[in-house]
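Here the structure of chain A is known, so what remains is to put chain B in place on it, guided by the hints.
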Amino acid sequence: MTHSSFLQDELKISEQLDGDKAILKLNGALSVTTVPYFRQSVQPYLERGLGVIVLDFEGVTKIVSRGVGAAIDMAVQAKKQGTKLRLEKIGKYSRSLYIQGVHLVADVPELEGFEP
Amino acid sequence: MSDKSLKLKISIPPVEGIEDIPIVAVELLAQKMGFDANKVQDIVQALTEACVNSILYSTTEDDIEVLVTALHGSLVLEVRDHGPGFNPDEVPSPDFDLISQIGVKNGGFGIHMIKSLVDEVEIESSPNGTTIRMSTFLKNSDLNPVAS
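Heads up: the sequence lines are chains A and B, in that order. Its first residue numbered 1, the first sequence is counted upward by one per residue in this note's numbering. Its first residue numbered 1, the second sequence is counted upward by one per residue in this note's numbering.
In case anyone wonders, no lab produced these hints; they're calculated from the structure. A few of these clues could be false.
[Unchecked claim] The calculated label-pair distances, taken between Cβ atoms and stated as ranges, are:
#  : chain 1 : residue 1 : chain 2 : residue 2 : range
1  : A       : T61       : B       : I102      : 25 to 31 angstroms
2  : A       : G82       : B       : T69       : 49 to 55 angstroms
3  : A       : E47       : B       : D63       : 39 to 45 angstroms
4  : A       : D20       : B       : I10       : 46 to 52 angstroms
5  : B       : N87       : A       : L104      : 26 to 32 angstroms
6  : B       : A25       : A       : G82       : 25 to 31 angstroms
7  : A       : L17       : B       : N128      : 49 to 55 angstroms
8  : A       : E112      : B       : K7        : 38 to 44 angstroms
9  : A       : G49       : B       : N128      : 47 to 53 angstroms
10 : B       : I10       : A       : R39       : 27 to 33 angstroms
11 : B       : I10       : A       : K12       : 27 to 33 angstroms
12 : A       : D20       : B       : L6        : 51 to 57 angstroms
13 : B       : S5        : A       : Q81       : 52 to 58 angstroms
14 : B       : S74       : A       : G113      : 30 to 36 angstroms
Yeah, the Cβ is synthetic: ideal placement off N, Cα and C, and Gly gets one too.
Extracted from the complex, chain A is given alone in its bound form (with noise of 0.2 angstroms):
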């Protein structure tokens, strides 16, 4: 059965290139509807051999583990690849983002002495 609906969850992302560094500015949801958009959007960036990806999570409206687990994907991807995973302006989602495990594969800022 389809679970997709009028009501599905949108995702729009951003983009600035800063020399080797690019910053993507993540707008709406985070779901299982737009995980798919998510990692297909930042492949490209994390193909190019930049120095450092931010994704700027200020305008995340909703996050779900499939989510986290995406960008712990990329963290993993860009470590191998040289280039540095930085989450930015998680705010509300910190314990939800500790939880799984982010901090352990991308640099978090907000998370360095994080007490859940």
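Just chain B now, kept in the frame of chain A:
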């Protein structure tokens, strides 16, 4: 708040995005009960995971039921679906060493996250469906300074 329990029942069809409706209702209720912002977010996140899993694994068009019971000092959320069920004892804990090397690949850690976010979790599952019951207790440390 009086000692009498307050009960809500919200039925949602198994379609993506509809989970926001019970989630918003529960978020407001948790705020009104006096949970602080961090605890409200924990409750919201746990309910999000439970609802999304129920929608994702639904094999019929039967509604998913979200039952909310607010007691003096506790909030109990139940999500009941009609999916094929699973064995909760077979859901592995995340192996962070392995994940650091190969990533997650598929899925996330919904059950692990839920267990980490609320105080008590009970899961009843059979081939006819799954009920996940999540309880959060209002402790003095969780009180919203404004509400208290």
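Range hint 52 to 58 angstroms: satisfied by the CB atoms of B/S5 and A/Q81?
Hint holds: Cβ distance 54 angstroms, inside 52 to 58 angstroms.
Look at the Cβ atoms of A/E47 and B/D63 and judge whether their distance stays inside 39 to 45 angstroms.
holds, 43 angstroms
Taking the CB of A/G49 and the CB of B/N128, does the distance hold inside 47 to 53 angstroms?
Because 51 angstroms falls inside the window, the suggested range holds.
Is the hinted range of 38 to 44 angstroms satisfied by the C-beta distance from A/E112 to B/K7?
Given a distance of about 42 angstroms, which is inside 38 to 44 angstroms, the answer is holds.
CB-CB spacing for A/R39 and B/I10 relative to the 27 to 33 angstroms hint:
holds, 32 angstroms
For the range 49 to 55 angstroms, tell me whether the beta carbons of A/L17 and B/N128 fit it or not.
For B/N128 against A/L17, whose Cβ atoms are near 52 angstroms apart, the range 49 to 55 angstroms holds.
Do the Cβ positions of B/I10 and A/K12 conform to the proposed distance bound of 27 to 33 angstroms?
For B/I10 and A/K12 the Cβ distance comes to about 29 angstroms; the hint holds.
Can the suggested window of 25 to 31 angstroms be confirmed for the beta-carbon pair B/A25 and A/G82?
Once the Cβ atoms are compared, 47 angstroms apart, the range 25 to 31 angstroms for A/G82 and B/A25 is violated.
Between B/N87 and A/L104, does the beta-carbon spacing fit 26 to 32 angstroms?
holds, 28 angstroms
Between the beta carbons of A/D20 and B/I10, is the distance compatible with 46 to 52 angstroms?
holds, 49 angstroms
Hint says 25 to 31 angstroms; check whether the CB-CB distance for A/T61 and B/I102 agrees.
holds, 30 angstroms
Do the beta carbons of A/D20 and B/L6 sit within 51 to 57 angstroms of each other?
Since A/D20 and B/L6 have Cβ atoms about 55 angstroms apart, the given range 51 to 57 angstroms holds.
Violation of the numbered hints given earlier is confined to hint 6; every other hint is satisfied by the structure.
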